[in-house]
Amino acid sequence: NAGVMQNPRHLVRRRGQEARLRCSPMKGHSHVYWYRQLPEEGLKFMVYLQKENIIDESGMPKERFSAEFPKEGPSILRIQQVVRGDSAAYFCASSPPGQGRNTIYFGEGSWLTVV
Amino acid sequence: AQRVTQPEKLLSVFKGAPVELKCNYSYSGSPELFWYVQYSRQRLQLLLRHISRESIKGFTADLNKGETSFHLKKPFAQEEDSAMYYCALTSGNKLVFGAGTILRVKS
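Just so you know, the protein sequences line up as chains A and B, in that order.
The first sequence: position 90 = 90 (the working numbering), numbered continuously.
The second sequence: position 78 = 78 (the working numbering), numbered continuously.
FYI, nobody ran anything at the bench for these hints, they're computed from the structure.
Don't take each hint at face value.
Said to hold, decoys possible - Ranges between beta-carbon positions, derived for each pair: (1) Pro75/B to Glu63/A: 45 to 55 Å; (2) Val83/A to Lys15/B: 36 to 46 Å; (3) Asp56/A to Lys15/B: 40 to 50 Å; (4) Ile51/B to Met5/A: 44 to 54 Å; (5) Gly3/A to Ile56/B: 14 to 24 Å.
As the list claims (entries may be wrong) - Cβ-to-Cβ under 8 Å is the rule here; a few derived chain A residues that face chain B: (6) Tyr33; (7) Gly42; (8) Phe45; (9) Glu52; (10) Phe65; (11) Ala88; (12) Phe91.
Said to hold, decoys possible - Every beta carbon over 10 Å from chain A, so not counted as near; a handful from chain B, in silico: (13) Gln6; (14) Asn64; (15) Asp81; (16) Ala99; (17) Arg104.
Don't be surprised by glycine CBs; every beta carbon is placed ideally from N, CA and C.
Could you build the full structure based on these sequences and the hints that come with them?
Okay, structure coming up:
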C-alpha cells in the first residue's frame, strides 16, 4: 500500500494563475481531507470529501478555492487566481469508510509558492 | 468552540533530558485527543491517541479532564525526537490541530 500520494510536491505559480493539487488516497479509503499549513501556523482544516460528495467545507475560503473527489481518479484542490497569501503547504489525508477519525493517514504535502 | 492550544512554538532540550510538550484544549463533551509528529518536511504521523493509553517511542500522554490538558512526555530525549509535534482533537468530521511545537534535541 503506497500510502496517501500527493502531487506535485512543489509547485510555483505566478500571481493570478491557477494551482491544482492532487491527492490519491490510500487503497480502500473513500474519505479525503484537505488541510493547509501556513508559515508559523498550525494545520487548518479546509474540506472533507467522500466520493462525489463534499461533506464539510467549513474551512474553505469562500472564493477561488474548490475541491472535488470524483468517482474515478484523485481528489483535486483547485485554487484560482492565486495570491501570495496562498503560499503554504497543503496536506491531504484519507481514511477508510466506517472507522472514524482515528485511522486518518496523511500525505507528504504539496508546497505551493506564489511569486 | 473547539480549540487546541500549544503554548510553546519551540522547545529546546539536551539529549537525555526530560521532555514535556504542553497541550490544552477546549471542547464541550468527551474529546478524542491525539498527538501527531512531523519530521522535517515529511508527512504527519500519528504518534499516539488518548483512548489507547499506549507508549510510542517512549512518549506518553495522559488526558487530564480537570485541567483540560493532554501533555506529551518523554523521560529521556533523543536526538531523533527532533521534529514538529501537533496536538489534535476530533470535532465532528475533522481533526482540529494546535499550532504545533518544534522540539529540538541538542547533543
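Evaluated hints:
1. Pro75/B to Glu63/A: 45 to 55 Å: 49 Å, holds
2. Val83/A to Lys15/B: 36 to 46 Å: Hint holds: Cβ distance 43 Å, inside 36 to 46 Å.
3. Asp56/A to Lys15/B: 40 to 50 Å: 42 Å, holds
4. Ile51/B to Met5/A: 44 to 54 Å: 29 Å, violated
5. Gly3/A to Ile56/B: 14 to 24 Å: 19 Å, holds
6. Tyr33: 7 Å, holds
7. Gly42: At about 4 Å, which falls below the 8 Å cut-off, the nearest Cβ of chain B leaves the hint on Gly42/A intact, so it holds.
8. Phe45: Because about 5 Å separates Phe45/A from the closest Cβ in chain B, which is inside the 8 Å limit, the hint holds.
9. Glu52: 16 Å, violated
10. Phe65: 16 Å, violated
11. Ala88: Ala88/A check fails; min Cβ-Cβ to chain B is 14 Å, beyond 8 Å.
12. Phe91: 7 Å, holds
13. Gln6: 8 Å, violated
14. Asn64: Its Cβ never comes within 10 Å of chain A, the nearest being 21 Å, so this holds.
15. Asp81: 19 Å, holds
16. Ala99: 4 Å, violated
17. Arg104: Holds: least Cβ distance 16 Å, greater than 10 Å.
This entry does not satisfy hints 4, 9, 10, 11, 13 and 16, going by the numbered hints stated previously.
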